[in-house]
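Heads up: the sequence lines are chains V and B, in that order.
No gaps in the numbering here: position 108 of the first sequence is 107 in numbering that gives the first Met the number 0, and each next residue is one more.
No gaps in the numbering here: position 137 of the second sequence is 136 in numbering that gives the first Met the number 0, and each next residue is one more.
What the hints contain is simulated information worked out from the structure, not anything from laboratory work.
For glycine and all other residues, C-beta sits at the position ideal for the given N, C-alpha and C.
Be aware that a few hints might be false.
[Claimed, not checked] Subject to a maximum C-alpha distance of 20 Å in a straight line, what follows is the list of computed EDC-like cross-link-like pairs (lysine to aspartate or glutamate):
| hint | chain 1 | residue 1 | chain 2 | residue 2 |
| --- | --- | --- | --- | --- |
| 1 | V | LYS114 | B | ASP149 |
| 2 | B | LYS15 | V | GLU73 |
| 3 | V | LYS16 | B | GLU102 |
| 4 | B | LYS24 | B | ASP149 |
| 5 | V | LYS49 | B | GLU21 |
| 6 | V | LYS49 | B | ASP189 |
| 7 | V | LYS75 | B | GLU21 |
| 8 | B | LYS202 | V | GLU73 |
[To be verified] Computed beta-carbon distance windows for the label pairs:
| hint | chain 1 | residue 1 | chain 2 | residue 2 | range |
| --- | --- | --- | --- | --- | --- |
| 9 | V | LYS71 | B | GLU192 | 25 to 35 Å |
| 10 | V | ASN100 | B | GLY14 | 30 to 40 Å |
| 11 | B | GLU60 | V | SER101 | 37 to 47 Å |
| 12 | B | HIS134 | V | ALA51 | 30 to 40 Å |
| 13 | V | PRO84 | B | PHE173 | 54 to 64 Å |
| 14 | B | ASN53 | V | SER23 | 32 to 42 Å |
| 15 | B | PHE167 | V | ILE21 | 19 to 29 Å |
| 16 | V | ILE27 | B | ALA148 | 18 to 28 Å |
[Unchecked claim] Which chain B residues face chain V? A few, computed with CB under 7 Å, are given here:
| hint | residue |
| --- | --- |
| 17 | MET32 |
| 18 | SER33 |
| 19 | PHE50 |
| 20 | GLY54 |
| 21 | ASN59 |
| 22 | HIS73 |
| 23 | ALA74 |
| 24 | VAL81 |
| 25 | MET82 |
| 26 | ILE85 |
| 27 | THR92 |
| 28 | SER107 |
| 29 | GLY150 |
| 30 | THR151 |
| 31 | HIS208 |
| 32 | LEU223 |
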Amino acid sequence: MSHTAQHEENHGNGEVKKVTIILSVLTIIELVLGFWMIDITSEALRLAIKGAIIILMMAKAFYIVAYFMHLKHELKNLIMTIVVPLGLFIWFIIAFLYDGNSFRNLRNTYDPYFKERSTIKVEKKAEGHGGGHEAGAAHAAADTTAHAKDTVSVENKH
Amino acid sequence: MSTATVETTKSWGGGKSPFNVEYGKLMMWYFLMSDAFTFGAFLISYGTIRFSTNGWPDPNEVFRSFPFAPEGVHAPLVFVSVMTFILIVSSVTMVLAVKAGHEMDKKSVVKYMIWTIIGGIAFLGCQAWEWNHLHHEGAWWGRNPFLNADGTASSTNFTNYFFTITGFHGFHVFSGVIINIIMLIMTLMDKFEQRGHYLMIEKAGLYWHFVDLVWVFVFTCFYLV
């Protein structure tokens, strides 16, 4: 395990600088998209922006793992033993999000209470409590201070 | 093509290390892989619940303040971008510390390790402030003062997931800072000079970069989308 056993890499500070700049730029683009999204109401456009943000997130993850964690410069054997198991995530994400979405559709179709609850808006101070009450379980657990804050934040909004 | 085949056969034919990394580093990679599954499970669970619910609070309404801001300020994404940049910068200084270790440059290792530790502590401070702020607004595990984006009543899923996942990540940052402090002390005690290599710094570095990597995902899932 001596020093000589390790392959000497000297990729210079150029690579570090380059990757730092790339990560910063990607983060700034993400933030710009995030700010832009605040005032957008079109659901389709919002979805597209969210997709773009997720692609940028994956790019950032790639740069951190490949260059900062140095995985790109390791042997292919090592890269595969790390990356291939993580491929399970592709299935995890698709399966679980699809399941969640399907559960919501089923409840909206067959559970009128669930559907109705998501249409009742919490309005003013007095109704704030009532609305929360009707909405049931959600606010039941909240203590009184949370309720007080709740109504305050509602007041600020209107 | 044929040379690649020969190469592959050779690397598993005995007589040399097929991964060409030391044992500890390989095990660090496997640990990080398992940790990635833990974080992945948390985040996918969060996504599943969010997909199965009709409404969800708007992060730009919830996370809109920053320290010393006047009451009622509306500045979404500002504070969390500061936190993100702190973590990226501390990741960069960690890379530089590892690089200095390769060159057996003790002075630079010490310098960059100190910067990395400062970055970690700064991040933890930011998170502590944010948790404290949200707690004052009435948010905690089991209670959620925020409304859904469409004005309907929200469930406690939002706060439960937020505090659990950012808490788990914060715990990783905390242990990373402890590990980095231990590495700094070992460097100052000339442990690595005696061993003839700074490979421990590299392993601590892998862990630290992983913490930064997880933040990329947490930041996107909770604050941006």
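Verification of the supplied hints:
| no. | hint | result |
| --- | --- | --- |
| 1 | V:LYS114 - B:ASP149 | holds, 14 Å |
| 2 | B:LYS15 - V:GLU73 | holds, 15 Å |
| 3 | V:LYS16 - B:GLU102 | holds, 18 Å |
| 4 | B:LYS24 - B:ASP149 | violated, 49 Å |
| 5 | V:LYS49 - B:GLU21 | violated, 40 Å |
| 6 | V:LYS49 - B:ASP189 | violated, 49 Å |
| 7 | V:LYS75 - B:GLU21 | holds, 16 Å |
| 8 | B:LYS202 - V:GLU73 | holds, 14 Å |
| 9 | V:LYS71 - B:GLU192: 25 to 35 Å | holds, 29 Å |
| 10 | V:ASN100 - B:GLY14: 30 to 40 Å | violated, 53 Å |
| 11 | B:GLU60 - V:SER101: 37 to 47 Å | violated, 28 Å |
| 12 | B:HIS134 - V:ALA51: 30 to 40 Å | holds, 33 Å |
| 13 | V:PRO84 - B:PHE173: 54 to 64 Å | violated, 27 Å |
| 14 | B:ASN53 - V:SER23: 32 to 42 Å | holds, 37 Å |
| 15 | B:PHE167 - V:ILE21: 19 to 29 Å | holds, 28 Å |
| 16 | V:ILE27 - B:ALA148: 18 to 28 Å | holds, 25 Å |
| 17 | MET32 | holds, 6 Å |
| 18 | SER33 | violated, 9 Å |
| 19 | PHE50 | holds, 3 Å |
| 20 | GLY54 | holds, 6 Å |
| 21 | ASN59 | holds, 5 Å |
| 22 | HIS73 | violated, 10 Å |
| 23 | ALA74 | violated, 11 Å |
| 24 | VAL81 | violated, 11 Å |
| 25 | MET82 | violated, 11 Å |
| 26 | ILE85 | violated, 12 Å |
| 27 | THR92 | violated, 10 Å |
| 28 | SER107 | violated, 12 Å |
| 29 | GLY150 | holds, 4 Å |
| 30 | THR151 | holds, 6 Å |
| 31 | HIS208 | holds, 5 Å |
| 32 | LEU223 | holds, 5 Å |
Checked against the numbered hints given earlier, the structure breaks hints 4, 5, 6, 10, 11, 13, 18, 22, 23, 24, 25, 26, 27 and 28 and satisfies all the rest.
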